[in-house]
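Visitor: Here is how the chains run, residue by residue.
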Amino acid sequence: DVKVTQSSRYLVKRTGEKVFLECVQDMDHENMFWYRQDPGLGLRLIYFSYDVKMKEKGDIPEGYSVSREKKERFSLILESASTNQTSMYLCASSRGGTTGTGELFFGEGSRLTVL
Amino acid sequence: RKEVEQDPGPFNVPEGATVAFNCTYSNSASQSFFWYRQDCRKEPKLLMSVYSSGNEDGRFTAQLNRASQYISLLIRDSKLSDSATYLCVVTDYGGSQGNLIFGKGTKLSVKP
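So the sequences go chain by chain: A and B.
Read in order, the letters of the first sequence correspond to residues 185 to 299 in our numbering.
Read in order, the letters of the second sequence correspond to residues 149 to 260 in our numbering.
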């Protein structure tokens, strides 16, 4: 089975702290994504990556950065956490290339609270 | 920004009922369509892909109308375990591996 693992299920941080959210997938997928999910707003794409060291901005990249140094790992970084970044963060991966079906496999999510 | 619109519900139905969800999308170039299911406090998971000819998986039937840019999901003989939020998802541009756009979801609650 595809496994997408997010390092922390629950985090509580203070305003201004630097926050790292780690995501690892074990299916050799080319594509990886970071979403946030908020009530009434649905899933919103923050950043995505189609290859190692490659990144593309999604719909709401402000206040976030990402890193993809290895194919299996995609990290989301909040340089200076703010209260409006309190949310559920979901990492996902999918197969790329001509064999890609578009199916996303999600991690269990990281619920971040910024005080 | 390309959009995917869904009725948020909630749809409250008794066990055994048939329920239908609809979804409209704005990007006529979208090529791939999906229904995902998300249980409370869980991650979304693929329920089924939606093909042009329509497709069925047990009690679930998905239909696509490209002319109207409309997707539907029909659930027959609802079970308590069908209670979840159903997310309509389309590709942002042509091709199966394009960026996926998620609707905000339709909540279904199946009651005994």
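Quick caveat, the hints were computed from the structure, so don't treat them as lab data.
Quantities reported herein were computed from a predicted structural model and do not represent experimental measurements.
A hint or two may mislead.
The calculated lysine-lysine pairs, modelled on DSBU-like cross-linking and capped at a C-alpha distance of 35 Å, are [claimed, not checked]: (1) A:Lys237 - B:Lys252; (2) A:Lys187 - B:Lys190; (3) A:Lys254 - B:Lys252; (4) A:Lys202 - B:Lys252; (5) B:Lys190 - A:Lys239; (6) A:Lys254 - B:Lys190; (7) B:Lys259 - A:Lys237; (8) A:Lys241 - B:Lys190; (9) B:Lys193 - A:Lys187; (10) A:Lys202 - B:Lys193; (11) A:Lys241 - A:Lys187; (12) B:Lys227 - A:Lys255; (13) A:Lys241 - B:Lys259; (14) B:Lys227 - A:Lys237; (15) B:Lys227 - A:Lys202; (16) A:Lys197 - B:Lys252; (17) B:Lys190 - A:Lys255; (18) A:Lys187 - A:Lys255; (19) B:Lys259 - A:Lys255; (20) A:Lys239 - B:Lys259; (21) A:Lys187 - B:Lys227.
Visitor: Among the hints numbered above, which are violated by the structure, and what are their numbers in rising order?
Guide: Failing hints, ascending: 7, 12, 13, 14, 15, 19, 20.
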